[in-house]
Amino acid sequence: MEVAILKTLDEFTLPIEDCVGQSYDNASNMSGEYSGLQARIKNNAKALYIPCAAHSLNLIGSCAAESCSQTTEFFMF
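When the letters of the sequence shown are read in order and numbered with the numbering used here, they come out as residues 3 to 79.
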């Protein structure tokens, strides 16, 4: 994925040095601090990693819904 992202940036003549942020879902293969995609991209740029707010909110909502037995029964989880 790192190669694909760098290739796409190159195709659009966007220097990676100009990138100031990156955001992915919270999966470790994307957000891992040492070997995830964000770490590999950060080796090439000063782009800060910010976890995807929508994905984080979805995870919070799912966990909250699963913690309430009435909710799980209503939605048949």
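To be clear, the hints were calculated from the coordinates, so they are not data collected in a lab. We put the CB at the ideal spot given by N, CA and C, even for glycine. It is possible that some hints are incorrect.
Stated by the list, open to error - Okay, the calculated beta carbon distance ranges per label pair:
hint : residue 1 : residue 2 : range
1    : Asn60     : Leu8      : 46 to 54 Å
2    : Glu13     : Thr74     : 40 to 48 Å
3    : Leu61     : Gly23     : 14 to 22 Å
4    : Glu4      : His57     : 18 to 26 Å
5    : Thr73     : Val5      : 21 to 29 Å
6    : Gly23     : Thr74     : 33 to 41 Å
Problem - 18 to 26 Å as the expected CB spacing between histidine 57 and glutamate 4, which holds or is violated - result: Taking Cβ atoms as reference, glutamate 4 and histidine 57 lie about 20 Å apart, which means the hint holds.
Practice task
Starting from the range 21 to 29 Å, see whether the pair threonine 73 and valine 5 falls in it by beta-carbon distance.
Solution key: violated, 43 Å
Exercise for the section: With 46 to 54 Å as the target window, see if asparagine 60 and leucine 8 comply at their CB atoms. Expected result: At roughly 28 Å between Cβ atoms, leucine 8 and asparagine 60 fall outside 46 to 54 Å, so the hint is violated.
Practice task
Can you let me know if the beta-carbon spacing of glutamate 13 and threonine 74 is within 40 to 48 Å?
Solution key: holds, 46 Å
Practice task
Check the following: the C-beta atoms of leucine 61 and glycine 23 are separated by a distance inside 14 to 22 Å.
Solution key: holds, 21 Å
Exercise for the section: Starting from the range 33 to 41 Å, see whether the pair glycine 23 and threonine 74 falls in it by beta-carbon distance. Expected result: About 37 Å separates the Cβ atoms of glycine 23 and threonine 74, which means 33 to 41 Å holds.
Consistency with the previously given hints fails for numbers 1, 5, ordered from lowest to highest.
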